[in-house]
Amino acid sequence: MSPTCQILSFKQADSAIVSRVNALLQSNARVLLAIDGNCCAGKTTLASHLGELLGANVFHLDDYFLQPHMRSPERLSQPGGNVDAERFLADVLLPASRGETAQVQKYDCHADALLAPVFIEPKRVAIIEGAYSLHPLLSSYYDLKIFYRIAPDLQIQRILARNGEEALTVFQQRWIPLENRYFEALDILPQCDLVIDSANE
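In terms of the numbering used here, the sequence shown opens at residue 2 and continues consecutively.
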């Protein structure tokens, strides 16, 4: 972990992040921040709350799962390869970084189809949340990088409560190992400016 990285509890996170963003806005026309981290850590909840506090747009990497035709063995063997970072970059992150309208076209995994696009007008602050938000294709665009981590036992409890026992097995056998491989292979945690530790909630 970077020696300049600040470790926060959940209770400290809001004020610390808002303070950082407001400081960045003094010299930047726009601020883009990413919240990466473990599943069920609380990334979506934090992003939603920060969106209200900062008057920011909030974008979700969970809306950018790979479409079926993209799920080749070669693609899925790459750390972080199971998210459509290319489409997110072109449609959302590049426009947001330029102060332009973003086009959000969610992938509906139940229907195996892209939903109709929604056009989001720019705001000075954009929050990108979700595992893989610090993917190498995306990470250079952020002004503030945040990692939200959770203890494994608490993670299991939350997945079980939110998704049920059958889904927990899928998380343990597939999604959690994929995330951990991405975090480790691409050195995600050392890139971050702030780490929120669920152990300190």
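FYI, nobody ran anything at the bench for these hints, they're computed from the structure.
Here the structure is a predicted model, which means the values were calculated and not measured.
One thing to keep in mind: the hints can contain errors.
[To be verified] Taking lysine to any residue pairs in the SDA-like style, the calculated list, with each CA pair at most 25 Å apart, reads:
no.	residue 1	residue 2
1	12	153
2	107	168
3	124	57
4	12	152
5	107	50
[Claimed, not checked] FRET-style restraints, in silico, Cβ to Cβ:
no.	residue 1	residue 2	range
6	117	153	36 to 44 Å
7	72	185	28 to 36 Å
8	99	152	34 to 42 Å
9	63	10	18 to 26 Å
Glycine included, C-beta positions come from ideal geometry on N, C-alpha and C.
Query raised in the report: Do residue 117 and residue 153 keep their Cβ atoms within the hinted range of 36 to 44 Å?
Result: holds, 38 Å
Requested in this report: Given the hint that residue 107 pairs with residue 168, test it: the Cα-Cα distance must not exceed 25 Å.
Outcome: Within the cut-off at roughly 22 Å; holds.
Query - residue 63 versus residue 10 beta-carbon gap, inside 18 to 26 Å or not - result: Since the Cβ atoms of residue 63 and residue 10 sit about 25 Å apart, the hinted range of 18 to 26 Å holds.
Query raised in the report: Does 28 to 36 Å hold as the CB distance between residue 72 and residue 185, or does it fail?
Result: Between residue 72 and residue 185, where Cβ atoms are some 22 Å apart, the hint is violated.
Report task. With a cut-off of 25 Å on the C-alpha distance, tell me whether residue 107 and residue 50 pass. Result -> holds, 21 Å
Query - Straight-line alpha-carbon gap residue 12 to residue 152, limit 25 Å - result: holds, 17 Å
Query raised in the report: Per the hint of 34 to 42 Å, is the separation of the Cβ atoms of residue 99 and residue 152 within bounds?
Result: Holds, at about 39 Å.
Report task. Assess, step by step, whether the Cα of residue 124 is no farther than 25 Å from the Cα of residue 57, and give holds or violated. Result -> Cα-Cα ~6 Å, so holds.
Report task. Below or equal to 25 Å on CA atoms is what counts here, so check residue 12 against residue 153. Result -> holds, 20 Å
In terms of the numbered hints stated before, the structure departs from hint 7 and from no other.
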